[in-house]
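Engineer: Chain by chain, the residues run as shown.
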Amino acid sequence: DAGVIQSPRHEVTEMGQEVTLRCKPISGHDYLFWYRQTMMRGLELLIYFNNNVPIDDSGMPEDRFSAKMPNASFSTLKIQPSEPRDSAVYFCASSSLAGTTQYFGPGTRLTVL
Amino acid sequence: AQSVTQLDSQVPVFEEAPVELRCNYSSSVSVYLFWYVQYPNQGLQLLLKYLSGSTLVKGINGFEAEFNKSQTSFHLRKPSVHISDTAEYFCAVKGNTDKLIFGTGTRLQVFP
Numbered sequence: 208d209a210g211v212i213q214s215p216r217h218e219v220t221e222m223g224q225e226v227t228l229r230c231k232p233i234s235g236h237d238y239l240f241w242y243r244q245t246m247m248r249g250l251e252l253l254i255y256f257n258n259n260v261p262i263d264d265s266g267m268p269e270d271r272f273s274a275k276m277p278n279a280s281f282s283t284l285k286i287q288p289s290e291p292r293d294s295a296v297y298f299c300a301s302s303s304l305a306g307t308t309q310y311f312g313p314g315t316r317l318t319v320l
Numbered sequence: 056a057q058s059v060t061q062l063d064s065q066v067p068v069f070e071e072a073p074v075e076l077r078c079n080y081s082s083s084v085s086v087y088l089f090w091y092v093q094y095p096n097q098g099l100q101l102l103l104k105y106l107s108g109s110t111l112v113k114g115i116n117g118f119e120a121e122f123n124k125s126q127t128s129f130h131l132r133k134p135s136v137h138i139s140d141t142a143e144y145f146c147a148v149k150g151n152t153d154k155l156i157f158g159t160g161t162r163l164q165v166f167p
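Chains Y and V, in that order, are what the protein sequence lines are.
Under the working numbering, the very last position in the first sequence is 320; numbers go up by exactly one each time.
Under the working numbering, the very last position in the second sequence is 167; numbers go up by exactly one each time.
Excised from the complex, chain V in its bound form:
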């Protein structure tokens, strides 16, 4: 079975500062990894995904994530955040089943 841990429930940051949202996973099989973003009163939108190949994955809105197999991590980063990045971010893992296992989410709050 797979599991996902997002250690930070909330991350406050000032506009134009860098940010890292942490995600660790547990799995006995190879995995695919995803980051989704949820803006208020909306559904989840895919930010980026790691399926194979390069461990550095670039997504939409300037976000990127790095797959680290030895650390079982898939942290999300952005070098300079905007007010509009304020949202809930979910890390998810897919193993050898059809299911996505989601973390509990990290609320990113960007202040002016």
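Next up, chain Y with everything else stripped away, as it sits in the complex:
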């Protein structure tokens, strides 16, 4: 299996622009998680899905952030408009219904200038 796939690996954009991060979970996994990692706040859970349905979005910082999972093999995290404080590494992780281990993707390093 290819593992969790994220794209792009690096994104540099200017303040005010829309940013879309993409994730392909491991095939057969029912859960998908979006995390953000910064030096100041560590690893934060933003939102997670079960069977493509958002279950808990309490970690989404503001209305500028939105996430979708149109099917079992694809999810997006969108920031519109982006701000410099959104600069971070964003991770996607997936897990199976029966299992408890989350498998992480390589992350997307976002820099907002």
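Note that these hints are calculated values from the structure, not bench results.
Just so it is clear, CB atoms sit at the ideal spot from N, CA and C, and this is done for glycine as well.
Wrong hints could be hidden among the right ones.
Claimed, not checked - Covered by chain Y, according to a simulated footprint, are these stretches of chain V (three or more residues, beta-carbon under 8 Å):
1. 97-110
2. 153-164
Claimed, not checked - Distance condition first, Cα-Cα at most 25 Å in a straight line; then the derived DMTMM-like pairs of lysine to aspartate or glutamate:
3. V:104 to V:75
4. Y:275 to Y:218
5. Y:231 to V:153
6. V:154 to Y:269
Given chain Y's structure and the hints, the job is docking chain V onto it.
Structural biologist: Just chain V now, kept in the frame of chain Y:
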């Protein structure tokens, strides 16, 4: 609710020395416990996990951890570290929800 405390933000150690990275948790329900490792510019990789059964859990790369329910601890150990073990280590706990609660991480720096 659950919480995780990693008391040591950094642990410097010489190569071939033993190391222990400490993790304490708080929970009112039974938990599953995990250690993840993050190498520079990479995602998190599972080192080991405790779900049930034997309290001594062995993981990859020679690491092991012991679940101590009375001390609410899950410390990570390795008898002899290598330069390649230099990384950030995260302890995590899962209670009766789908979420993993992560600690703040411990940076292990191995010196030659």
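Engineer: Give a verdict on every hint.
Structural biologist: Against the structure, the hints:
{"no.": "1", "hint": "97-110", "in the structure": "holds (count 7)"}
{"no.": "2", "hint": "153-164", "in the structure": "holds (count 6)"}
{"no.": "3", "hint": "V:104 to V:75", "in the structure": "holds (16 Å)"}
{"no.": "4", "hint": "Y:275 to Y:218", "in the structure": "holds (19 Å)"}
{"no.": "5", "hint": "Y:231 to V:153", "in the structure": "holds (19 Å)"}
{"no.": "6", "hint": "V:154 to Y:269", "in the structure": "holds (20 Å)"}
Checked against the numbered hints above, the structure violates none of them.
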